[in-house]
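Engineer: Chains as they are written, first to last, in numbering that gives the first Met the number 0: chain U, 0 to 479; chain F, 0 to 111; chain L, 0 to 99.
Honestly, I wouldn't trust all of these hints.
[What the hints assert, rightly or not] Lysine-lysine pairs mimicking DSSO-like chemistry, simulated, CA-CA at most 30 Å apart:
| hint | chain 1 | residue 1 | chain 2 | residue 2 |
| --- | --- | --- | --- | --- |
| 1 | F | LYS101 | U | LYS29 |
| 2 | F | LYS48 | F | LYS101 |
| 3 | U | LYS29 | F | LYS48 |
[Unchecked claim] Here are a few chain U residues that face chain L, going by a calculated C-beta distance under 8 Å:
| hint | residue |
| --- | --- |
| 4 | ALA150 |
| 5 | ALA165 |
| 6 | GLY179 |
| 7 | ALA288 |
| 8 | LEU468 |
If you're looking for bench data, these hints aren't it; they were derived computationally from the structure.
Since we're looking at a predicted model, the values are computed, not measured.
Positions of the beta carbon are idealized from the N, C-alpha and C atoms, including for glycine.
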Amino acid sequence: MFASFHAIVPMLCVTAAGFAAMVAEAFREKGEPMPIGPLGVVGLIGAAVSTALLWDRHATSFGVVTADNFGLFVTAILIVVGLLSLAISAPTVEREGLPRGEYYALMLFSLAGMMLMATATDLLVIFLALEVLSLAIYVLTGIRRDSQMGAEGAFKYFLLGGFSSAFFLYGIAFVYGLTGSTHLDRVGTLMAAQATSSGPLQILAVGLLLVGFAFKVSAVPFHMWTPDAYEAAPPAVTGFMSTGVKAAAFAAFVRVFLSALEPLIGGWSEIVWVLAAATMILGTVVGVAQTSIKRMLAYSSVAHGGYLLLALVSGNDTAKGAVLFYLLVYAVTNLGAFGIISVLETRDQANDRVTDYAGLWSTHPTLALMMTFFLLSLGGFPPMAGFIAKWYVFAAAIHAGYVWLAIIGVLTSVVSVFFYLRVIVMMYMSAPDADTRTTLPAVPQLAGAAIVISALIILYLGVLPTRVLEWAAASVSGII
Amino acid sequence: MIAVGIAFAVTMLGLSSLLGPRKPTPEKLAPYECGMPPVGDARERQSVKFYLVAMIFLLFDIEVAFLYPWAMALRDLGWAGYVQVLLFMLLLLAGYVYVWRKGVLDWGAEST
Amino acid sequence: MPTLTHYLILSAVLFAIGTAGVFLRRNVITILLSIEIMLNAVNLTFVAFGRALGSVDGQIIVFFVMTVAAAEAAVGLAIVITLFRHRESLNPEAFTMLKW
């Protein structure tokens with residue numbers, strides 16, 4: 000009886016930690032300090048150990064969750080995301096006086112949902128996991144109840160999220176109607192049998208699923224919620240959702256579209272081609288015009304979604320490995336960057352305009368250096384991990400014959416360097432405002448350590464990527 | 000049959016509206032509210048408590064939807080099914096305890 | 000005798016009504032209701048397909064979708080209440096702090 004639980008042990012650990020956090024919060028007196036954050040760390044370590052034990056075992060639970068290496072790699076990324084997010088959240092929770100149990104419980108529940116989404120092999124379970132992670136994230140976006148902006152951002156995110164999940168579900172309904180099953184490998188076999196005579200229903204099913212996924216990975220033209228939600232949420236939450244949701248959604252996206260719906264690739268590859276191109280171009284061009292760093296990073300996140308779509312449309316094994324490596328690099332880099340934004344925020348001021356970063360080098364030299372690392376990695380500069388990640392994605396695209404798309408990708412990433420460099424120039428060349436010098440707060444130790452660790456990881460992945468790359472490439476064989 | 004029914008209803012309603020006496024008074028024209036004279040504005044602000052309780056009802060109401068199928072297949076599912084439902088209820092209980100401790104269910108005057 | 004096609008057309012119409020409601024209505028609660036209509040249109044599709052295929056899977060899926068819809072409605076209402084406390088309005092055009 001217990002063998003069937005093996006594949007879900009990582010998410011069980013995280014869920015248990017989440018529940019413990021919730022119950023602890025229920026019995027916490029007002030103002031009583033309680034180590035709820037460390038509780039989450041314990042759960043995540045449990046998840047990490049079980050992920051390591053499950054590696055190469057290909058365990059299956061109840062026929063709907065498969066812990067294959069692809070899913071486990073994404074689970075590992077999510078564990079890294081979780082640990083870094085917990086570390087950079089701690090000062091935010093203190094400063095804003097947020098109910099800590101609620102905050103960490105929501106974060107852990109949403110992490111469990113992300114892990115489920117990455118390993119689920121049944122469309123219905125993917126939908127449920129998507130909802131588990133989204134509902135928790137909507138609340139996290141609006142967790143600052145006294146902030147009107149937070150409530151508005153949460154509402155917009157909720158509205159478009161609920162709207163898109165209805166489309167996703169409608170797509171599942173048509174897949175179920177066509178094949179009589181929601182299980183991915185049965186859907187794959189039956190779709191392959193029907194592929195020769197694909198009618199309007201197949202196209203409708205694929206289109207609706209595509210709309211649902213495109214919303215979640217914020218692909219153009221379904222990206223409208225991204226900058227608003229990213230700006231409204233506390234930066235620690237933004238870092239968490241921009242990386243975690245992307246990793247989970249792309250894992251499911253790859254699983255659904257490159258295995259179950261692969262037989263219909265002729266029908267969807269051109270649509271995804273257009274989506275990828277539009278996402279890369281719009282994310283970059285609009286990003287240039289932003290004055291808020293959070294909005295700039297939101298559009299950068301849109302553009303990065305475009306590069307990942309580029310890998311998806313390429314569809315070969317190299318591309319799947321590239322997606323995994325890219326997700327890891329993007330997660331660590333973006334969390335680091337949002338960690339810096341988070342520690343520079345004060346109770347009254349977001350300090351997120353580009354001009355607020357003027358002269359950061361003279362006031363917080365270490366933070367300025369770290370921010371430089373992260374921004375260069377996001378832009379894809381050679382010694383950083385972002386360069387290797389982009390290189391592999393473009394190589395996979397060229398290998399698959401999508402030369403034009405790769406050219407668009409290279410051009411947009413060259414343009415994107417402009418807006419990352421603008422911040423860097425601001426940090427080093429400009430003198431700080433007389434008043435910002437005093438308002439920038441001191442850096443909390445834990446968050447500072449998380450930022451330094453993120454920077455070290457991207458340096459390591461940039462200089463010696465071979466091991467992790469091989470690991471990523473090896474884990475894509477045998478995706479269900 | 001349906002035609003006869005419709006015709007009967009239409010005839011009766013028509014006759015009563017043609018033949019019935021009509022003396023409108025302000026009380027008669029006011030919207031009917033369980034016999035009492037209407038007090039205040041219908042768009043009065045409600046306490047947020049009501050919304051909270053409605054929300055919680057919504058969630059705990061749906062859980063029963065999962066208990067009916069289980070009850071129908073109780074014998075087939077055996078102890079494994081029992082343990083699973085117990086776990087499900089325990090998780091909901093944790094949520095209930097949370098709601099309780101957070102004071103959502105306090106209706107006393109002293110709570111805010 | 001209604002066939003599968005009739006049910007599918009009905010649910011497609013309902014789904015379209017829900018979608019139109021999200022875009023056209025100017026009240027936050029009505030927009031939430033429109034999303035519920037969309038989810039219920041999908042439920043109808045699931046039940047119709049399940050019946051046509053002769054399996055109960057469709058109905059079981061509906062249970063899960065109902066739960067999700069309830070959870071979504073609860074979270075949505077909670078967010079609307081917080082919004083209302085800041086703005087005293089249910090018109091989405093009043094929520095203009097963030098540019099779309």
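Engineer: Which hint numbers doesn't this structure obey?
Structural biologist: As far as the earlier hints go, 7, 8 are violated by this structure, in ascending order.
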